[in-house]
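Novice: Take a look at the letters that make up each chain.
Protein chains: 2
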Amino acid sequence: MRFTSEQRLDDGVLERRFTLGEIPGILWTPASASAPVPLILLGHPPLGLHKMYPRLVARARRSAAEGFAAAAIELPGSGDRPRWAGAEQAQADLRRAMEAGEPVGDEIIDALILPLVDKAVPESQAALDAVLSLHEIGGPVGYSGGVISIGIRLAVVEPRIVAAGLFAGSFVPRTMFEEARKVTIPLHVLLQWDDEGNDRQAALDLFDAFGSKEKTLHANMGGHTGVPQFAGEDAAGFFARHLRQPQAGARRQTGSRR
Amino acid sequence: MRFTSEQRLDDGVLERRFTLGEIPGILWTPASASAPVPLILLGHPPLGLHKMYPRLVARARRSAAEGFAAAAIELPGSGDRPRWAGAEQAQADLRRAMEAGEPVGDEIIDALILPLVDKAVPESQAALDAVLSLHEIGGPVGYSGGVISIGIRLAVVEPRIVAAGLFAGSFVPRTMFEEARKVTIPLHVLLQWDDEGNDRQAALDLFDAFGSKEKTLHANMGGHTGVPQFAGEDAAGFFARHLRQPQAGARRQTGSRR
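Protein sequence lines correspond, in order, to chains R and Y.
Just so you know, we're using full-length UniProt numbering here: the first sequence kicks off at 1 and counts up by one.
Just so you know, we're using full-length UniProt numbering here: the second sequence kicks off at 1 and counts up by one.
It is worth saying that the hints were derived from the structure and are not from the lab.
Hints may be right or wrong, so weigh each one.
In this list, chains with the same sequence are indistinguishable; a pair is considered to hold if it fits within one copy or across any two.
[Unchecked claim] Cut-off 20 Å, straight-line C-alpha distance, at most; resulting in silico cross-link-like pairs (DMTMM-like, lysine to aspartate or glutamate):
#	residue 1	residue 2
1	K213	D195
2	K51	E136
3	K119	E158
4	K213	E15
Predicted model only: the values in this text are computed from it and were never measured.
The following block holds chain R by itself, in its conformation from the complex (with noise of 0.2 Å):
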């Protein structure tokens, strides 16, 4: 893990870019801790991080705000690492067969999904590695947002994580719907009840599906970019009842700062 810049934003929170071999990320930590803090792990869209970076900074500063780091990598085959075989072949199927009111066929969902969460999977936990091994960061570490898939696989392989914000709004291949009865960590499911590009049923088939015994779904009104601010503050509240790391000598708090 390699610094390349680094910057205080207005908040004082530090921003500071990294190259991890070939895959460029971003770290943000608290403008002041006393100790190691929480990590949280923001998953995002395929879009490249540079396009997703104002909605990544936000939700690292309401991060930072409540004690936790917040970290983001460049996922393969976004911004300018390379793409693989098949993958701009899905691509241009699935944009086919929206343009065209297709159903989306499971080989399409399949081709566009299972080697993303292959490759990004180990990405992750080799990120998890090095952002872990900085002084100042000491976990537990939660999963937000992102490719839902994704993080199902993480949620089902990686110990550390140990809890997850999911945004049901993405294409599921069949078989995450059996990676998702594997998983136990508390889940935060958010769902627009309007996405456009989502199946209402299959996002309640796939809560139905999760193993957790504690797991609760927030679904909002809007399309898919719709969700509301207080959707944000929700899902806050929970990363907040989670992650918070027991003070020496007291009890766990479970609950929420409110």
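For chain R, the structure is supplied; the task is to place chain Y on it using the hints.
Specialist: Frame of chain R, contents of chain Y only:
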């Protein structure tokens, strides 16, 4: 409205019992308030105020901590109030169907719920008349919990209610789905995903039917009585957003206090 007793709870909340004609009720007001406060009308299942008191007072304390008064009145046919012809028959029919594991027919649900709604809604409106005439209570009014069909009817017919938190955990007559389409105020709907006595799909259909532009569904794991503590905190945030008074000369607070 005649006050019959008053006491200060340990957190300073003033609890006053009253009667409104034949109807007993309880009013809670915050320890101190410099201006007339908003009001939350606390709905509850038809088990009697006495039995419901521990849960009601907990909700009232939370409302008071947000700066809101809270009130509850005995439902028609509950506590010491007279039953009406058909009510006990409908309850017996319901018990029989549930014990036999049979589906509960529309006629039973209609006989159980529709007369209750027809009686309870004008009584709730009379209670609002009385409580809002007190100088220390100014509105706006939120409705919270209880029999969801009463909440639906009140949301349609009572303009002083500006926001409602509903619990999708009761039998809902088919005609109430039509009334649900006429609801336009902001809604916060709780659903227990594994509610034993509740049809999950019917609850989702009801949520879909509401005409409100702002409506949020919070689904949590567990049975009818297993609503997690953090769900109550999210509901408190909903009422804080919608009931908090505009400050003199200040912008209306639309954000939560977190």
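Novice: None of the hints should be skipped; say for each whether it holds.
Specialist: Structure-based check of each hint:
1. Within a single copy, K213 and D195 get their C-alpha atoms only as close as 26 Å, which misses the 20 Å cut-off; across copies the closest is 15 Å, which meets it.
2. In the homo-oligomer, the alpha carbons of K51 and E136 never lie at most 20 Å apart, since the shortest distance is 28 Å inside one protomer and 52 Å across protomers.
3. Taking the shortest Cα distances, K119 and E158 sit within 20 Å of each other inside one copy (14 Å), while across copies they are farther apart (56 Å).
4. Proximity of K213 and E15 under a CA criterion of 20 Å is satisfied in neither setting, with 35 Å inside one chain copy and 37 Å between copies.
Going through the hint list in order, the structure does not satisfy hints 2 and 4.
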